[in-house]
Amino acid sequence: MSTSDTTATGDQAALETTSSEHHPALAHQFDSMAQQQGAATFGMWVFLLTEIMMFGGLFTAYLIYRIKYYPAFVAGSTSISVSWGFTNTLVLIASSFTMAMAVWSAHTGKRKPLVGFLIATMILGAVFLGIKGKEYYDKYDECHIPGHVIGKGFNAWGGCSVQNPGLGNIAQEIVEHAKESGETIPLPSAEQTARQTEIFFSFYFLMTGLHAFHMIIGMLLMTWLLLRARRGDFGPSYYTPVELGGLYWHFVDIVWIYLFPLLYLISRHKGAA
Amino acid sequence: MSTATTAIKPIMPAKHFLNDNYGIRSWLLTKDHKRIAILYLVSITFFFFMGGLFAALIRLELLTPQGDLFTSDTYNKLFSMHGINMVFFFLVPSIPATLGNFVLPIMLGAKDLAFPKINLLSWYIYIFAAFFSLATMVSGGVDTGWTFYTPLSSGFLHTHVALMAVGVIFAGFSSIFTGLNFIVTVHRMRAPGMTWGRLPLFVWSNYATSLIMVLATPVLAITLILLALERTFHIGVFDPRYGGDPVLFQHMFWFYSHPAVYIMILPGMGVISELITCFSRKRVFGYSFVAFSSIAIAVFGFLVWAHHMFVAGISQYSAMVFSLLSMAVAIPSAVKVFNWTATMYKGSISLDTPMLYALGFIGLFTIGGLTGIMLAALGMDVHVHDTYFVIAHFHYVMVGGMVTAYLGGLHFWWPKITGRMYPEAPAKLAAIITFIGFNLTFFPQFVLGYLGMPRRYHAYPPEFQVLNVLSSAGASVLAIGFILPAIYFLWSLKYGAIAGDNPWQATGLEWQTTSPPPTHNFHEVPVVTTRPYNYGAQQEVTVVH
Amino acid sequence: MQFKFPLFPEQASTLAGQVDAFYLFLVLVTTFFSLLIALLILFFIIKYRRRPDREAEQIHGSTLLEIIWTVIPLGITLFIFVWGAVLYYKIQNPPVNALEIYGVGKQWMWKFQHPGGQREINTLHVPTGRPVKVTLISQDVIHDFFVPAFRVKQDVLPNRYVTSWFQATKPGAYHLFCSQYCGTNHSAMIGQIIAMTPEDYQEWLASGKAEGSLSSMGEKLFQEFGCTTCHRPDSGARGPNLQGLYGRPVRLSDNRIVIADDNYIRESILHPNAKVVQGFQPIMPTFEGVVSEDGLIQITEYIKHMGTQESEPINNRSTPTQLRDNEVPQIQQELQQGGQPAPSGKKP
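Residue numbers (numbering that gives the first Met the number 0), protein chains in the order written: chain A, 0 to 272; chain B, 0 to 544; chain C, 0 to 347.
Same shape as in the complex, but just chain A (with noise of 0.2 Å):
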């Protein structure tokens, strides 16, 4: 008889039913590697279930605020940088692809690309954070943190850095936009729309710090999978923590892929940087 806790792996003992598959990895509620494999993916999607509903909760309080502030969101999303997000957005397809190929090596059993992709797809992830380490840095620069208590304080209207006044100042930005394109705006005008646009980095932040709190546990997730894989745990038999692992940094990937024309394409000024 099995004690209760015994891990998956030395449960074979336990298994009362004799089936004809004596995997190591099979858990003892199961009766084969199938329904194993079959129910774990099918929990994962469950899971990624949970995980939309979440960022949907954050998408829609996103629409429902553009809606109601869509000059302030067009100045906050053309204050960003599209060329770092779009390398971002290159990278994080990159990382799909990478971890694509995890799996596959991981089914075909090869274990040293199995290992490989699964530090490019690390590497990738780390390069991803880095450059979003260094956008919230600007923002963090240029005084664009919501509330008060990080940094100075909100300021999108100008005279946050002593030495470069113009940096970051979101209303100078719209009325030179609306110069170019012909109309006025004055100045007090385009402070009030700037002041608004913190909500809209409220939601950059919330949005982007949650896929990014993703993204790294995504990493952990990978460096488990790492340690598994050199141990040589994976082959055609058994992968399903590779498959699962996948599934997970493809949503990750996707919800990116929502993220980055929501917050820093849609509406934005043409030309701007």
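No wet-lab data here; the hints were simulated from the structure.
Take the hints with a grain of salt, since some may be wrong.
[Unchecked claim] Residues from chain C that face chain B, not an exhaustive set, calculated with beta carbons under 8 Å:
(1) 39
(2) 49
(3) 52
(4) 182
(5) 279
[To be verified] Here are a few chain C residues that face chain A, going by a calculated C-beta distance under 8 Å:
(6) 120
(7) 242
(8) 270
(9) 280
(10) 281
Positions of the beta carbon are idealized from the N, C-alpha and C atoms, including for glycine.
Use these hints to put chains B and C onto chain A, whose structure you have.
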């Protein structure tokens, strides 16, 4: 009931999940769903009595119209902590995490849930969340009310709102993991022959509950994360001073919290389906209608959240849509009540303790449900919204419904869980005391509410006193009804009669194994060949290997 | 000695009777079904109690019965829905000729202002026999204006005007409760509505010391903040002429049409660039933090009365693209039909 058992004296199995292993490690590191169920049982019982203590203090304060026992801040903390502890730490996990955890895999003929480690993890997350709740209480409590409405909670209160919010978020994750586990288990772990049409109704209702847990709870998490950030960093999402919309918080909060009341009541309905059939010795009347009404409740439950906001400044037309949809959610509940009643028709009814609770449930839930229709009716809601009428309605469903069903289920499966019977006479007494005490406590509150007494009032105009005293008197009776089972359940652990495998002669796979069950639930994999609740048939389940 | 044990709150408004009738109907339905279920259960547990000589008779179910007990409750709930919705519509929409009173909720008190400029705290005097519309706003958290005797309730939100209305039927003093939990002294945020006969009310109004009517106080603020520099009726004005503006549709710079109601005026003072009238530059500075809630109410009241002060129609407007008077009926009709009116090409 015991007269029906055979002359053979029931014996305790030599080896079962309780004596399989000893020591604190064997409990804290267990992956056995039955042990985890017991861990949950102990934890939620703690929160139930703590929440109950707060309730008692509230009723004590409301004996007199003047706020003379506590300061208003203390009173506000009392009702907030009562609500938060009861809702998030007792009601939401109550049946799914204890009875569901224990019997659902056995009912399916599975050796365990699909993910035993995640099941244990969910308990640890619950305990982690519980520490946040306790830390909040120790450091002075929180006075937001369980609804955390902004901008009061985000910018005006000086208590540990963020701490409590984090606790509730984690409690939410714990229930997400339970729900996820149940869904996968029901889909993938059924014994041979256990088709969807043969699932016990308790499984159906827990499945519907799990759907809500998985789909709604993440929204609560993100809402409370926003609230905690709003409070800590003043990000302006819900605070009108920074351009945020406080009513959006209500939308997001109720998007979870309305479905959440179905998280709380659906498993109770599942228990009732088991009890009514067993103690009437009848197949359930209209199996598929009862089963699908659970799913219908879960689905409709997502579309009615704004009926909490009819006077909150939403547009009149959206109020009408939500009112109409709220009417729709009443129908599946009515279908259930009618089917339960019809199940008893021409049955062979015995009034054992679980059945007493089940009958109490039907009556109280009917009143709770119908007053729910009153609240969903727009013109009516304007007057009774945020009054004691709402409190009474809510408690009829949650205490009269859910807690009653929980106690009924606990009595029903107690012999399965522990291998021993509870003492019947004090149990019947407790059931009756609970029923009387409950009605004494909460019926006057309907009248109070219609008279216009607002909820969350520390002091109130003197003309409301008579009804408040009645309610407080009832609460003391109710308290006895809740303390009694705690005593005799503990007593029965040592002195209760040996129950035997199937003391109720019930159908269902959980009664085919020993009491208490072995660690892997069955000695041989059961094969199901017949419909559920096959009472009146000679042999409902053949065990083959 | 009479033991005070009421089951109904006092009926003191035109709506109270209607709500009570609905309530009684609902109580009847509830009682009927609760009793039906309770009696059936009672009957079954006696008739079909377990006896050694009788076995349960197995019944599968009955689709007909299922349909019956789905359709009948559905019919009843639909009827309840319609009744409730009609009643709600009445409760929510004040009659046009209502007396307008303004209320501001704050932690933990109610402040009311009468059109004549009389101010009250936690007490509100109203006349009987005439609809009274209370326009409400909160200075801090969400409160709720609840008068049980009138059967009206409305959450009072920060940053947005909401209204509640009633017509008191008999003189007396009635409870005013805050019924949305609002912090420490929530239960002390109570007051009284004092309904008086119209004559007594007039007398009370006359006895109250008011610095001037609300609109005259608003006018004072209007001058003080220099609003007249831009908002004036001549052709050189940099801001739209406000005379007769209240309640009319306004075309915005993005071609949307909005109604110039209390909330629009309030927003335009606090966030002037949010909805700019077509043809004007967004040059108005914000008055957020400068004007108090009371002041906002007074200015709004002043703008409301601008049109009536000068009986001149406003189509002689200096300003290029505000809607002309002869355009208004057409647009109102279009708005009623639910569509956004087509942007007008011609500029007056």
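Hint check results:
1. 39: Given a least distance of 5 Å, the restraint on residue 39 of chain C holds.
2. 49: This interface hint holds because 4 Å falls under the 8 Å limit.
3. 52: At about 10 Å, which exceeds the 8 Å cut-off, the nearest Cβ of chain B leaves the hint on residue 52 of chain C violated.
4. 182: Nearest chain B Cβ about 6 Å off; hint holds.
5. 279: 23 Å, violated
6. 120: 33 Å, violated
7. 242: This hint is violated: residue 242 of chain C lies away from chain A, its Cβ roughly 24 Å from the closest one there, beyond 8 Å.
8. 270: Given a least distance of 6 Å, the restraint on residue 270 of chain C holds.
9. 280: With a closest approach of 7 Å, the residue 280 of chain C hint holds.
10. 281: Nearest chain A Cβ about 4 Å off; hint holds.
Violation of the numbered hints given earlier is confined to hints 3, 5, 6 and 7; the remaining hints are satisfied by the structure.
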